[in-house]
Amino acid sequence: MSILKDILSPIKLNRRTFLKSAAVTSSAVALSACTKETREELLQKDFRSMSKDEIAKVIQRLEEKYAKEYGKKFSVSAKETIPHTFFGYALDISRCIGCRRCVYACVEENNQTKEPQLHWIQVLEMEKELGIDLIHSNLYYDHEEVPYEGHFYLPVQCQQCKNPPCVKVCPVGATWTTSDGIVVVDYNWCIGCRYCMAACPYGARHYNWGKVKLDTETINPNTHYLGNRPRYKGAVEKCTFCIQRVREGRYPKCVEVCPVGARKFGNLLDEKSEIRYILENKRVIILKEELNTQPKFYYFYGT
Amino acid sequence: MRRFWFIPGLILPIFAWLSYFPLHVASDQMSDSGEKTQQSAEKQQMDIQIPPPPFSEGIFPCSECHADMEVNLKRRKLVEFHEDIVLKHDEKNRWCMDCHDANNRDMLHSASGELIDFRESYKLCGQCHGPKLRDWKAGIHGRRTGYWNGRKEYLLCAHCHDPHSPKFKSMKPEPPPKKPGPIK
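Top line first, the protein sequences correspond to chains A and B. The numbering used here numbers the first residue of the first sequence as 1 and each following residue consecutively. The numbering used here numbers the first residue of the second sequence as 304 and each following residue consecutively.
Next up, chain A with everything else stripped away, as it sits in the complex (with noise of 0.2 Å):
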């Protein structure tokens, strides 16, 4: 036994060492087993520490990947924020119908799993007499005809918070929010741990419980990194202000199909946009100001 002692000693194979010697031989060989693809989106870092470079090399992959899955031309971009733009939404419930046009518009946009089904928009039904009253509202309403006698409509999307808790929570920073004020989530650094779906306090996070499953004729093949390319089983998405429509100047998909006109949206920053105008002229209201979460998206009574 000595012997072997003495020869062994300048190694030095303590526990330690053994370990990790044999977790990196192992992970070697599981990567050098495994495609180049897959191997590549194993190795990715997340988007905010990748350079513009590697930036490219992944949107190249995706767009390859997307493309062979789905059989349609897919662009992927990453188009970064227009200076000085700072979004805000507000929503006229006086204006509401709960036509859930802006839902199923929000689906073929942003390419939400069809099975099972997902919506990044949630329209509440409520009764005129209670006022705002998230408990007893109703997410199932089904009319022949809206809006229902003694009822108003209160969508819920993500309220893209200026001190967002999912952000705060996230253990891995997959999720942050961009200098235009968008809560974005980079859904190939997400863990799926779903922590920032239990702190938010609107539901507006969701999760790809299954494999995301999209008609190839309906998908949308315009897609941007941080919003509406198609996800991952495990990963959670949430409404990004159509980041990929509204970086390049256009209005979110919500706001061009809500038949009311209920919808607004604009920049913060621009004292001649839509949005200033209501802020400076109209009652507006922010859902759970108590919890100084600090939303982006307003409620106002347009009447």
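To be clear, the hints were calculated from the coordinates, so they are not data collected in a lab. Computed from a predicted structure; not experimentally measured. Glycine included, each C-beta is placed from N, C-alpha and C at the ideal position. Mixed in with the good hints there might be a few duds.
Unchecked claim - Here are the simulated PhoX-like pairs of lysine-lysine, each with C-alpha atoms no more than 25 Å apart in a straight line:
#1 B:K475 - A:K114
#2 B:K481 - A:K211
#3 A:K233 - B:K481
#4 B:K481 - A:K114
#5 A:K72 - A:K213
#6 B:K455 - A:K282
Unchecked claim - Covered stretches of chain B, as calculated for chain A (at least 3 residues, CB under 8 Å):
#7 442-451
#8 468-479
Guided by the hints, dock chain B onto chain A, whose structure is given.
Positioned in the frame of chain A, the structure of chain B alone reads:
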């Protein structure tokens, strides 16, 4: 946007040739303060566009039929034509000729008798609905499409509200979300 809920059965064909035209905001009544006039002048510089008015097919120009007809200013129930129009818009106090011009059939007119083009009908509506007109100009009332930092498109009042019966019509909602259940 599968359905258009404006005026049932109305579409916009005749005016297709007119295509889009700029909105003239600066000239009208918004100038109660110097600042506001400046604002509206700026708005005019911004590129804001409105689609043509939503006429029923073949109804415009009105003068096509009305040119040879005698003007009858007597308030009455219409029986031969336009009988499908049911006025539910302060009908006790008003009728056709309060908005449509009897002498120039292809135009509307304001309370003071000023002729108003159908493409600028918001000026007519705004006589009574002043705050709504103000909000509409600011982009708060009604739907806006286009670019938040550039060219925008408005709709005329009549695109969403039937001028003869302006209450917004109720509609069938899209299906409710599925209640959470076991994962397949």
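The hints, checked one at a time:
1. For a cut-off of 25 Å, the pair hint linking K475 of chain B to K114 of chain A stands: about 22 Å separates their Cα positions.
2. Proposed proximity of K481 of chain B and K211 of chain A is supported: the alpha carbons are some 18 Å apart, at most 25 Å.
3. For the hint pairing K233 of chain A with K481 of chain B, the CA-to-CA distance comes to about 19 Å; that is within 25 Å, so the pair holds.
4. With a C-alpha separation of about 11 Å, the suggested pairing of K481 of chain B with K114 of chain A holds against the 25 Å cut-off.
5. Straight-line distance between C-alpha atoms of K72 of chain A and K213 of chain A comes to about 15 Å, which keeps the hinted pair within the 25 Å bound.
6. The suggested pairing of K455 of chain B with K282 of chain A holds, with an alpha-carbon distance near 22 Å, which does not exceed 25 Å.
7. Coverage of the region 442-451 of chain B by chain A holds [criterion: at least 3 residues with CB-CB distance below 8 Å; count 10].
8. For the region 468-479 of chain B, the stated coverage by chain A holds: 8 residues have a C-beta nearer than 8 Å to a C-beta of that chain, and at least 3 were required.
Every hint, counting from the list given before, is met by this structure.
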